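K.L.:
What follows is each chain in one-letter form.
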Amino acid sequence: MLDYTFQYGQIWPYLPRLIDGAYLALEIAFLSFCGGLLIGTANASLLSFGPQWIAKPIQAFVVFFTNTPQLVQIYFLYFALPDAGILLSSYAAVLIGMTLNAGAYLTEIQRAGFSTRRQSEMEAAIVLGFSRWQQIRYVILPHIARVLFPPLSNHFIIMTLGTSMAAIFGVEELTGQALNINSITFRSLEIFSVVAALYIAITLLASLALGLLGSLLFRTKLRVI
Amino acid sequence: MVIIWRSALHHLVIKDLSAHYGTVQVLDSINLEIARGEVVGLMGPSGSGKSSILRVLTGLTPLSAGSVSLNGEVINYSSAESVRNMRERSAIVFQQYNLFQNMTALENVTIAPVKIRNRDPEEVEAEARALLSKVGLTDQISRYPDQLSGGQQQRVAIARALALKPEILLLDEITAALDPELVSDVLDTIRALASEGMTMIIVSHEMGFMREVSHRIAFMAQGNIIECGKAEQIFNSPREARTREFVSKILKH
Amino acid sequence: MMAQLIQEAPRFFTYYNLLFLAQAVGTTIALSAIGCLFGLLFGCLISVVRLTEKPWLAPLRWIALLFTEFFRRVPFLVTLMLIFFVFQLSGANLPLFVVASLSVTLIASAFLAEIIRAGLLSIHRNQWDAATAMNFGLIQTIRFVVLPQAWKMILPPAFGFFVMFIKDTALASQIGVIELTFAGKVLNNKGFSAILVFGTILILYFAVSYPLSRYGHYLEKRLAPSRH
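Protein chains in written order, with this note's numbering: chain A, 1 to 225; chain B, 226 to 478; chain C, 479 to 706.
One chain only, chain A, in its complex shape (with noise of 0.2 Å):
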């Protein structure tokens, strides 16, 4: 097909780097994942069991977040905040944008979470004399829990993938590195095609490490038919 011969050879010596990159990689993922969780719970907790006033600003927050594109969303930050005094470091703007879009579609992931009580465990509950605080912590978090669990290590692979728009701010996670070596050997079918054998592999990590976390902490979901 194409007049091309393929040297992996010369890309061999770059490998400790672009490994260091997949590592950078999974850090922001976590680190970003890590602060949406925690903005999602909030919103997703005061949307459920708090004012009525705080739902607007929430729910705008979540619209404007998830129906723009999070790479324009840190070129603002990147470039239009300078403009207002406040500087950030490439790394910086991508760990906020990323924390910021991650936190809405956490909001809306466990907001819909939030609202799969299940009636008749509910009743038991009740029937059997649970305070309150029983009911919340033997009948209502476990069930939201579990719902929760499979839609949120999706989202972690997600994020994992959406670290890649971090090299188009310079930061040298596994794309970032791959467009630095591709500028010194200018193999770029080989460096690239390296790079999306590693995505797969550190996605496929986390998916199984997820997986195996999930069925171990909620042993009734492994159960077929």
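What the hints contain is simulated information worked out from the structure, not anything from laboratory work. Hints are supplied without guarantee of correctness; some may be wrong.
Claimed, not checked - Derived DEER-like restraints, expressed as beta-carbon distance ranges: (1) Thr-185(A) with Arg-692(C): 30 to 38 Å; (2) Leu-31(A) with Ala-685(C): 46 to 54 Å; (3) Ala-500(C) with Asn-343(B): 26 to 34 Å; (4) Arg-692(C) with Ser-207(A): 29 to 37 Å; (5) Val-576(C) with Glu-298(B): 30 to 38 Å; (6) Ser-303(B) with Ser-207(A): 34 to 42 Å; (7) Ser-307(B) with Val-576(C): 46 to 54 Å; (8) Ser-303(B) with Gln-135(A): 53 to 61 Å; (9) Arg-261(B) with Met-122(A): 56 to 64 Å; (10) Arg-700(C) with Glu-350(B): 31 to 39 Å; (11) Ile-184(A) with Tyr-688(C): 29 to 37 Å; (12) Met-480(C) with Pro-51(A): 43 to 51 Å; (13) Glu-306(B) with Leu-701(C): 33 to 41 Å.
Here the structure is a predicted model, which is why all the values come from computation and not from measurement. By construction, the Cβ of each residue, glycine as well, lies at the ideal position given by its N, Cα and C atoms.
Put chains B and C on the given structure of chain A with help from the hints.
P.N.:
Coordinates of chains B and C only, in the frame set by chain A:
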């Protein structure tokens, strides 16, 4: 002459039939010969393989050993052609009715003859209306399955099977999911078919009905046919201990 | 700062800049529409291939599985770069828009294939059994029985994907397609303030995406409890 006699005697021959779900053996070397126009009842505790026989016959569950022959011809279940031929000659009615939820009762009955067998739609529709009224449904034919009662759905499923003009009808616990007051309607329909000479294999828990309508009953346990004989013999003087135990438990109710 | 923006606004919102932005919005919408339309088409095909059971189709099933897993586990940006470099090195002098269209189609196909497959598999086994026992082939079963029931399951998540996808096309700016994000960079480089430029770009994306996501939520609500 001999050939005609043989095929007249053995409509369906099941020989050493075995099947597995994963590593679990559900059928273990089943032998059963069914004559044309004969009604055979399959009886036994749940998990004994009754329904599996029907699923294997229609090719929904693969067999792992043995053979099935229809009119003296062995069905090759790894050949799409051969399976298609078997499915053209037989029809199955499922325990859960399995009506297509996106179609009205009438559409459920006409879809396969029209779309799969490419028959004339008007002719098929006339037949379908006749079949539906035969099973006691006239006003409800443009309703969707979830607007019909269980008994009505089950009768639509029977009409749908009959619209295929099968030589052999396979009935899988067709009254198990019905309220008691609906059972008799469905059983009347089957009774009528039996008297018309349709070859049938019936899996059921309705012992009184099985006794009345079946020419022979096979008692199954753990994937085996333990014994097979006339209904009277199975119920009144079972030869095997396991059959006796099962029958006595059932008759206590 | 506010005063500065107000002062700059008339210089920014000129006829030519607005025309430039309108074309960029058009490119963003075109890229998204191409991806979603062809993605829906190929996604259907791939999901049907994955549901086949004939032994001789096994290689095709494997290819379909690898295809969906690859494009769902490699970042959009990396896929875009890979395809961009393949075309660059092959010497095929295709317009960047075509390269980007091809990339978005591949990615959308993979994601929509999974959404469609999940929808088809959500239809109860007994519907498939009944169709099979009556000699329906796979295509006939899907066409007459499964899809008429499954589209209600497929449409809401597919709409969710479309909304995500419009935003993902922003990455096409990185290979030089003049869509909305690229237009923002161009205007910013021309010296307009970043707040004004990227603020406008954000609002334009919002204007495209929000109606679609509202419609998606509406569909979800409407389709969930209905029957036929």
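K.L.:
Find the hints from earlier in the document that the structure breaks and name them by number, from lowest to highest.
P.N.:
1, 2, 3, 5, 11, 12
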